[in-house]
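K.L.:
Residue numbers (the numbering used here), protein chains in the order written: chain A, 1 to 605; chain B, 1 to 605.
Misleading hints may appear alongside valid ones.
Chain copies aren't distinguished; within one or between two, either way the pair holds.
SDA-like mimics (lysine to any residue), calculated; alpha carbons at most 20 angstroms apart, straight line [to be verified]:
#, residue 1, residue 2
1, K566, A603
2, K12, F568
3, K289, T343
4, K83, D203
5, K146, G486
6, K468, L342
7, K289, L522
8, K76, P2
9, K301, D172
It is worth saying that the hints were derived from the structure and are not from the lab.
Number of protein chains: 2
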Amino acid sequence: MPSYRAPVDDMKFLITEFLELEKQSDLPQFEEMSPDLVDDILTNAAKFAEEVLQPLNQSGDEEGCHFENGVVRTPKGFKDAYKAYCEAGWNSLGAPQAFGGSGLPIVLTMAIAEMGISANQSFSMYPGLTSAAYSALAATGADWMKQHIVPKMVAGEWCGTMCLTEPHCGTDLRLMKTRAVEQPDGTYRLSGTKIFISGGEHDLTDNIVHMVIAKIPDENGKIYDDLSTVNFFMVPKFLVGEDGKVGARNGVSCGGIEHKMGIKGSATCVLNFDDAIAWRLGPKPEPRKEGQKTSSSAGMKGMFGMMNMARLGVGIQGIAVGEVAYQNGLSYAYERRVGHALTGPKEPDQPADLLIVHPDVRRMLLHCKSFVEGARALAMWSMLNMSIARSNRAEAQEAGLLADLMTPVIKAFFTDMGFDAANMAMQVWGGHGYIRDNGMEQFVRDARINQTYEGANGVQAMDLVGRKLGRKGGAAPMALFNAINGWLEANGGDALAPFVKPVRDGLGTLQQSTMWLAQHGLQNPNDAGAAATDYLRLMGIVVVGWMWARMAKLAQENLTKGTGNKAFYEAKLVAAKYWMERMMPECAMLHQRIQAGSETIMAFA
Amino acid sequence: MPSYRAPVDDMKFLITEFLELEKQSDLPQFEEMSPDLVDDILTNAAKFAEEVLQPLNQSGDEEGCHFENGVVRTPKGFKDAYKAYCEAGWNSLGAPQAFGGSGLPIVLTMAIAEMGISANQSFSMYPGLTSAAYSALAATGADWMKQHIVPKMVAGEWCGTMCLTEPHCGTDLRLMKTRAVEQPDGTYRLSGTKIFISGGEHDLTDNIVHMVIAKIPDENGKIYDDLSTVNFFMVPKFLVGEDGKVGARNGVSCGGIEHKMGIKGSATCVLNFDDAIAWRLGPKPEPRKEGQKTSSSAGMKGMFGMMNMARLGVGIQGIAVGEVAYQNGLSYAYERRVGHALTGPKEPDQPADLLIVHPDVRRMLLHCKSFVEGARALAMWSMLNMSIARSNRAEAQEAGLLADLMTPVIKAFFTDMGFDAANMAMQVWGGHGYIRDNGMEQFVRDARINQTYEGANGVQAMDLVGRKLGRKGGAAPMALFNAINGWLEANGGDALAPFVKPVRDGLGTLQQSTMWLAQHGLQNPNDAGAAATDYLRLMGIVVVGWMWARMAKLAQENLTKGTGNKAFYEAKLVAAKYWMERMMPECAMLHQRIQAGSETIMAFA
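Chain A extracted, bound-state conformation:
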């Protein structure tokens, strides 16, 4: 049975040293943050994840969710754990104090989210989506919703969902059929079928607040195959009056749950909206008229805010499952005895040495560590940028661009790497990894969805290449290249050279690839499409490489000064070297692939 120890030390290192917490007190939500507070919160969250959530992970997978007569029952123990989770305040950490939250910055709430996911990805999806939903509702909802609904969600009394996908379309939301018709009282009647709705129905809370996109028909009742009439709605399972009073059951019901490869404790629902009462969020749209040209939709904006949060959260899922799989691969390697070290027995008194003596096993485990810790640093850096973007600092705009640029990288690169890490850790277990009782294969099955949902990784790559790179004249990649270059120039010296040089080379390659894309992608968009996945990976490898170089610097400084935990910093240097030696060489290859263009791929019949 797998176990989990939250990486509190690494998170503390990242927040206090790597992000230099003490220098950030001018940022929103950072006023009260201190190393002690960070320590305290992380330690308590770790305890909860390890002791309450993790023990339900394997049983939740084995049992799955139950569906009967429209009612969904979560696996045994989930309901009590959810209650304890909310009571301990984990659900409300990041919410503004005005809504009953603790107002903590995202670098801290995401660290805690990571722990929850490592311990139990399925469970963590219920509060995870709820917090994305309450954030969206707080940003776009009417005052009475902020007064009566958001606080309930912040407290965890009610859960939230996000409803986008329909049976015939997920990526291509233009084809959505769900419609919302305005009523004289200003509400809407919403009808249609949404699928793959995580937590669409369950027994954790009395009410569920669905955040839904739907199209408003034109004057003739017609809907269009484009995004022009898409709007963002709130549809509670039980109606809520403007006075906060909970009323009758709304016209939304669960038509069934999916049987999936993994995340079986998370109820993935078909939701049927049948004249459900819906409240439009955001500004009132101009009704579209027959024959009118397509106009852009304001309604997608609210959902995009939610989606960006969710994408970041999925990237964290990539790290989180990688982390817990790695831990359990490592502990098996220190338990199982197989053969002898290639240089002669390490323990001659034993019939065989531990698995950990074998270079190939070490390679797989170090790969996991190097990914998990490097990715965590990048996620943290990106989330600090999100806070800076909301501050009054001069670099606020640049920070926003960087965070925006990193979102598809974090989502796609981290979930690809997280899936690989889960597979490598399972591979360390040999045939025993394939046996369900041992719990390793669950990590692989759970991690697999992360590459697909919230925009499949290929869609993320197209978002990066097709939207994020070129926006504002390429300001975002420019800001990134400048930031890395600035750091490289400021950090010469022999000791850091093994880290600075590969990152400099990688950055050069990334810039060349970016140039190639700029030149060819406009001439032939298929060249951009064919290159997108490799380009995203290239950017991920280079930026994580930069994170490792920065962490290596801190490690060297601490080791020189003799401060802190020596073993911790030494291990950081080893993992940093791994990334330089074994991941950075991919850059040149990816650049070659990118330059191959689209001719062959488009010739494929």
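The hints should help you fit chain B onto chain A, whose structure is shown.
P.N.:
Okay, now just chain B, sitting in the frame of chain A:
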């Protein structure tokens, strides 16, 4: 629900054109082979796989095997399908005619095996292991076994297993505890526990013949933690007399079946041997004496023969699951509509274009095709070498070396790539790929075991680097390099240059890496261990690249002459180009990784 169409055209192309069937009639088992016979057999096997085996794949996964009171029941339909399989003669195709088989060469029997695996990997493991078992028994058994037992197995009336792994050891068989004690009548009494025994117990046949390795204790009843006393035994579930009469139940029972990530229709059994009557196979060993030095064991040899066949078979599983997943990814891409082509709508009358218009989707599918067909060519080439090795040709010895060298590459590289292909095909399905009903995720779960069993892929890499490279002064890699070089020198010309050049570069890199390993691996074995996985992949990419260059040449010739199916050869050229443009660039990166050595990896604590 997935479907399957056996790639008969590709297999015919490979056997008749690529392997030049007409020039091979001097080889053992090739005398009767003709294009017509090949066509006939492949067509009929395809029909059986598509119509009988494939429809049971998903239901078999859903239902799994049942265990009750020591009895194992296979999923619904398996028993009838197995009966039909044997009656149609598919089980006996490769067996010598003396045993009731058809005596067909392995290039043909493995093609048919591939179809069975694509259609139903779990089902195919029962006859697959049976044929490995009857081959081993025919090679090592006594005359009465060849007379009474092998024919029953060839006919499929009885199944066979291979029993190696024990609870505490799989890779490190030195630690085996199962013991066999000689009896006055020359038989042995065998006791111990074997785990992960595929088809160890089931309801397909009346009898099961277990091929078991166990240790013969020394005069004091002691067994040693080495391979010196390991012997190879036959242990039938129901005893068989030397007259062929079936007697009482033997002392072997099934203690349970494993609940696994995939291949759920294949019963993975715990087998308890409790004073089971066992027949030693092969020459009688010298009994080991207390205090004696370790001597090598003859008993492993028989099992190694079986293991090599099984490893080849697992490599074919990599291809097979890749193929069927690819087919179903492709068909979805021609069904599902998402967005518009980047260069403007392909079907302006439709609300959206087909998924296949998108470069990134095409990239994933072409990757699968390029792997599957390239790997199939390499497998076929290697199996032809196995036949040549058994012939009187001058190049027999060299062919044997090449086939031996390719075994770990086929096992590990093909199963890694097959797993990736299954994942890519599933990714094409977006979120729908994660839903069990759609059958795509089963391919991923089934394909995952192939990387692990019959020697985890890391063990294969160590076998390649630690054993196969250096044997006979490096004769095997030398033979490979010469063969590729010879072909490259004989095939210049502008038309082939896009294929010849990358293979020449790749070969150069492979030779450099081989040299590096020779120099560093002896000085520091950990350098070899740290490089092994990357080296195996490098060799796989280069050799498959060579196969693609050779197929490209045939395609170009046919297209120039206007012979054969134009679309087929054009598609071959596209897939060949894909390999050159997107896989061959990995070579330089892998070489860089190899040269990184083991220092960082061994520093990992």
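K.L.:
Hint by hint, note whether the structure agrees.
P.N.:
Do the hints match the structure? See the list:
1. For the identical chains of this complex, K566 and A603 are inter-copy neighbours only, at 14 angstroms across copies versus 56 angstroms inside a copy, given an alpha-carbon limit of 20 angstroms.
2. Taking the shortest Cα distances, K12 and F568 sit within 20 angstroms of each other inside one copy (12 angstroms), while across copies they are farther apart (59 angstroms).
3. Within a single copy, K289 and T343 get their C-alpha atoms no closer than 78 angstroms, and across copies no closer than 29 angstroms, so neither meets the 20 angstroms cut-off.
4. Proximity of K83 and D203 under a CA criterion of 20 angstroms is satisfied intra-copy only: 11 angstroms inside one chain copy versus 48 angstroms between copies.
5. With identical chains, the CA atoms of K146 and G486 are never at most 20 angstroms apart, being 43 angstroms at best within one copy and 76 angstroms at best between copies.
6. In this assembly of identical chains, the alpha carbons of K468 and L342 lie at most 20 angstroms apart only when taken from different copies (16 angstroms versus 49 angstroms within one copy).
7. When the C-alpha separation of K289 and L522 is checked against a cutoff of 20 angstroms, the pair qualifies neither within a copy, at 33 angstroms, nor between copies, at 78 angstroms.
8. In this assembly of identical chains, K76 and P2 lie within 20 angstroms of each other by CA distance solely inside one copy; the values are 18 angstroms within and 33 angstroms between copies.
9. In this homomeric assembly, K301 and D172 come within 20 angstroms of each other (Cα to Cα) only inside a single copy, at 16 angstroms, whereas the closest approach across copies is 58 angstroms.
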